[in-house]
Amino acid sequence: QQPVQSPQAVILREGEDAVINCSSSKALYSVHWYRQKHGEAPVFLMILLKGGEQKGHEKISASFNEKKQQSSLYLTASQLSYSGTYFCGTHERRGGADGLTFGKGTHLIIQP
Amino acid sequence: GAVVSQHPSRVICKSGTSVKIECRSLDFQATTMFWYRQFPKKSLMLMATSNEGSKATYEQGVEKDKFLINHASLTLSTLTVTSAHPEDSSFYICSARTGGPNQPQHFGDGTRLSIL
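Protein chains in written order, with the numbering used here: chain A, 1 to 112; chain B, 1 to 116.
Hints listed in this document are in silico derivations from the structure and should not be mistaken for laboratory results. Cβ coordinates follow ideal geometry from the N, Cα and C atoms, glycine included. A couple of the hints might just be wrong.
Listed next, the stretches of chain A that the computed footprint assigns to chain B, with coverage defined by at least 3 CB atoms under 8 Å from CB atoms of chain B [claimed, not checked]:
id: 1; segment: 26–36
id: 2; segment: 41–55
id: 3; segment: 103–111
Here are the computed distance ranges between Cβ atoms for each label pair [said to hold, decoys possible]:
id: 4; chain 1: B; residue 1: K64; chain 2: A; residue 2: G39; range: 26 to 32 Å
id: 5; chain 1: A; residue 1: E58; chain 2: B; residue 2: G16; range: 50 to 56 Å
id: 6; chain 1: A; residue 1: P112; chain 2: B; residue 2: N70; range: 26 to 32 Å
Computed, partial: chain B to chain A, Cβ under 10 Å [what the hints assert, rightly or not]:
id: 7; residue: G16
id: 8; residue: S18
id: 9; residue: W35
id: 10; residue: K42
id: 11; residue: F91
id: 12; residue: Q105
id: 13; residue: F107
id: 14; residue: R112
id: 15; residue: S114
Just need the whole structure built from these sequences, with the hints factored in.
Next up, the structure:
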């Protein structure tokens, strides 16, 4: 089941903050965050596995709620290089075919 | 580290041609490789999961006879689009992972396939 990402798009000025949300109707095994620039491969940002988990660093961090149905990605004091499309990929089951189901993406544009 | 190479990056060919795309993990052993398809400005859609030495597991709606996947070694997986038609035109992208689902997937640069 495809996770729901919001917002669809964000336009910020350099230095502003952004929050991108990813939610599922089912409890998830894990959430993976990626950033993709136009015409390039998605780049891995981080994985969250545990309910209540928060990880990352000062500039880019993420959280996973206790019920493991929602994750948020936090971009602080955004830089021009943060522009791109952010995808959350979720994993619902263990074993067998265990690829990620990606949300529709959030387009982030950082303006100088 | 964790570099995945995908080749070719762009293919243009006539309808009816079969096209092979290679995905290689250059500096790690990939126990599992994944193939995704991405339409312009859309999300990545999982096509299949392949484990080294095993048959690929295809997602619902993906024709296994159309999209042949081989994962012969821990560093190479191939996707062959057989008898390609214009509707198969898309961006195909592979990823590779070592270990289980709590490990990150590392993506190749993708192959843009255009069928005339």
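* Asked: Any hints this thing doesn't respect? Which numbers, in order?
  -> 6, 7, 8, 15
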